[in-house]
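Residue numbers (the UniProt record's numbering), protein chains in the order written: chain A, 1 to 53; chain B, 1 to 177.
Worth flagging that the hints you see were computed from the coordinates, not collected in a lab. Every residue gets a Cβ at the ideal spot worked out from N, C-alpha and C, and that includes glycine. Hints should not be assumed to be uniformly reliable.
Unchecked claim - Short derived list, chain A residues pointing at chain B, Cβ under 10 Å:
no. : residue
1   : C24
2   : I31
3   : D33
4   : R38
5   : Q39
Said to hold, decoys possible - Chain A is nowhere near these chain B residues, computed Cβ spacing over 12 Å in every case:
no. : residue
6   : G22
7   : P55
8   : A66
9   : A73
10  : G79
11  : G84
12  : L86
13  : L174
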Amino acid sequence: MPGRTLRKTAPPAAPAEREAVAECALQLRRIGDKWDLRQKILNLLTKLFCPET
Amino acid sequence: MPGSLKEETALLLEDYFQHRGGGAALPPSPTAATLRRAAAELERRERPFFRSCAPLARAEPREAAALLERVAAQLEADGGLNWGRLLALVVFAGTLAAALAERGCGDGPRCLAAALAAYLAEERGEWLEAHGGWDGFCRFFGGHGSQTADQSSTISNAIMAAAGFGIAGLAFLLVVR
Chain A
1 MPGRTLRKTA PPAAPAEREA VAECALQLRR IGDKWDLRQK ILNLLTKLFC PET
Chain B
1 MPGSLKEETA LLLEDYFQHR GGGAALPPSP TAATLRRAAA ELERRERPFF RSCAPLARAE
61 PREAAALLER VAAQLEADGG LNWGRLLALV VFAGTLAAAL AERGCGDGPR CLAAALAAYL
121 AEERGEWLEA HGGWDGFCRF FGGHGSQTAD QSSTISNAIM AAAGFGIAGL AFLLVVR
C-alpha cells in the first residue's frame, strides 16, 4: 500500500516527539469531534427552521 | 477515481495553505471557498492550540510531512474519521505549512499538501468516497450557496422568535389567571 510505504520511509520518532504527536492527535480528536457535533446540530436546526435551504 | 481525488485534494489543500499564508487570490472553486471558510472559523476558535503547534514544524519539509502523517494516523485511532476531525487535521497541516513558509521554506506548503493529499486519497480514499468526497464536505459544512454566518443568523432569528412567542404566551397566561 502506498501509505504504508510512506510510513516505512519516515524517520523513527524520538520519545519526546512521540509524546508530542500523541498529545497533538488527542487534542485534534477533541477539537474535531466538538466541531463535527456542532456542525451536525447546526445542520439539523437548519433543516428544522429553514427546510427550503 | 483515486487519482482525480488525490489531485483535487492536493489542489484544495494548496489553495488553503496559500490563503492561510496571506494569499489574496480568489478561491478557484466553491469547494475551495467552503474549505477556506470552515478552516478559518475552526482556526479562529481554537487559535491557542494551533499556535502552540507551530513550533512542531521543523526546518525540513520532509520531517514536517512525516510528523503530519504520524498525527493523522493517530487521529483516527479512537472512533475513526469524521468531517470535523478531517477539518482539524487540515488546519493543523495549514499551521505547519505557515510555520515552514515563515522560516523561508517556500516549498514546505506544497510538500505538506502533497503528503496530506496522498494520505487522504490513498489511505482514507474509501471513507472520503463513501461520504461524498469533497462535495460531501461542502454539504456538511453548508457550502451549498449559503454562508454559515447567514445560516447561523437565520437559526438565531428563528430561535429568538420562538422564545419571544413563548415568553409572550407565558405573560398572557399569568395576566389571565
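How the hints compare with the structure:
The criterion of a C-beta within 10 Å of any C-beta in chain B is met by C24 (chain A), whose closest approach is roughly 5 Å, and the hint holds. About 5 Å separates the beta-carbon of I31 (chain A) from the nearest beta-carbon of chain B, less than 10 Å, and the hint is met. The closest approach between the C-beta of D33 (chain A) and any C-beta of chain B is roughly 6 Å, which is under the 10 Å cut-off, so the hint is satisfied. Look at R38 (chain A): its Cβ gets to within about 8 Å of chain B, closer than 10 Å, so that hint holds up.
Taking 10 Å as the C-beta cut-off, the interface hint given for Q39 (chain A) holds, the closest approach to chain B being about 6 Å. Look at G22 (chain B): its CB is around 24 Å from the nearest CB on chain A, clear of 12 Å, so calling it non-interface holds up. The Cβ of P55 (chain B) does not lie farther than 12 Å from every Cβ of chain A; its closest approach is about 10 Å, which violates its non-interface assignment. In this structure A66 (chain B) is not separated from chain A by more than 12 Å, as the shortest Cβ-Cβ distance comes to only about 4 Å.
Consistency note on A73 (chain B): stated as away from chain A, yet its beta-carbon is not over 12 Å from all of that chain's, at 7 Å minimum. Distance check for G79 (chain B) against chain A: the nearest CB is about 7 Å away, which does not clear 12 Å, and the non-interface claim fails. Against the 12 Å criterion, G84 (chain B) falls within the reach of chain A, whose nearest CB is about 3 Å from its own CB. A Cβ of chain A approaches the Cβ of L86 (chain B) within 12 Å, the least distance being about 7 Å, so the stated non-interface status is violated.
L174 (chain B), annotated as away from the interface, keeps every beta carbon of chain A farther than 12 Å; the closest lies near 28 Å.
The structure fails hints 7, 8, 9, 10, 11, 12 (numbered hints given earlier, in ascending order).
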